[in-house]
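**Student:** Next come the chains, spelled out residue by residue.
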Amino acid sequence: DGGITQSPKYLFRKEGQNVTLSCEQNLNHDAMYWYRQDPGQGLRLIYYSQIVNDFQKGDIAEGYSVSREKKESFPLTVTSAQKNPTAFYLCASGGQVNTGELFFGEGSRLTVL
Amino acid sequence: GQNIDQPTEMTATEGAIVQINCTYQTSGFNGLFWYQQHAGEAPTFLSYNVLDGLEEKGRFSSFLSRSKGYSYLLLKELQMKDSASYLCALNDYKLSFGAGTTVTVRA
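As they're listed, the protein sequences go chains A and B.
For the first sequence, the working numbering begins at 279 and goes up steadily by one.
For the second sequence, the working numbering begins at 222 and goes up steadily by one.
No lab work stands behind these hints: they were computed from the structure.
Some hints here could point you the wrong way.
Said to hold, decoys possible - With a Cα cut of at most 30 Å, we get these calculated DSS-like pairs of lysine-lysine:
id, chain 1, residue 1, chain 2, residue 2
1, B, 289, A, 349
2, B, 278, B, 289
3, B, 302, A, 335
4, A, 361, B, 315
Make a model of the complete structure from these sequences and hints.
**Tutor:** In structure tokens form, the structure reads like this:
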């Protein structure tokens, strides 16, 4: 079945550690996104990519990094520089950046201990 | 940049109608989305408006006025399963979300 797969679903990290969240899609979409959601709040854009080997910062990129080496994959690294990393992270993809709906993965819940 | 405003919470009775408003300010516009999100789950697509007017999809309808920077989502014949957060999202070359409106449906 076509879709977006995020892993892991739950992740615990000690302070000072980097962690990488995986996002894979087999929908042949060009655009991919990473959002962060805090309890009771909407989605805030971290990074997005319109095409392989290219990506742009969203509204809250500090403390995060991404890569887009393959069309299917858009991993997000939460670095130790991110001051409040505990959140629900959502990956999404879409056919074109400025048309059409986004399809979301199931999300990854990161907790810093 | 953009600014998206929606009410924080709304409560309604099963079988009733609820209208969720969304106002926005943006320097570029390529459409407005509405998504539904149940607690702890990913958002799911409800509707997309790119032209002014009303789009109807079963019990859900969405309206857009680009000149006023205004949209609303209308939920009719409310059911308990409609209790969720409803997110207004602006498409201006990247998708930016409002904070969401939590709708609680009471029996």
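**Student:** Look at each hint and say if it fits the structure.
**Tutor:** Checked hints:
1. B:289 <-> A:349: Violated, at about 38 Å.
2. B:278 <-> B:289: holds (23 Å)
3. B:302 <-> A:335: Violated: residue 302 of chain B and residue 335 of chain A sit about 36 Å apart, past 30 Å.
4. A:361 <-> B:315: With Cα atoms ~25 Å apart, residue 361 of chain A and residue 315 of chain B stay inside 30 Å; holds.
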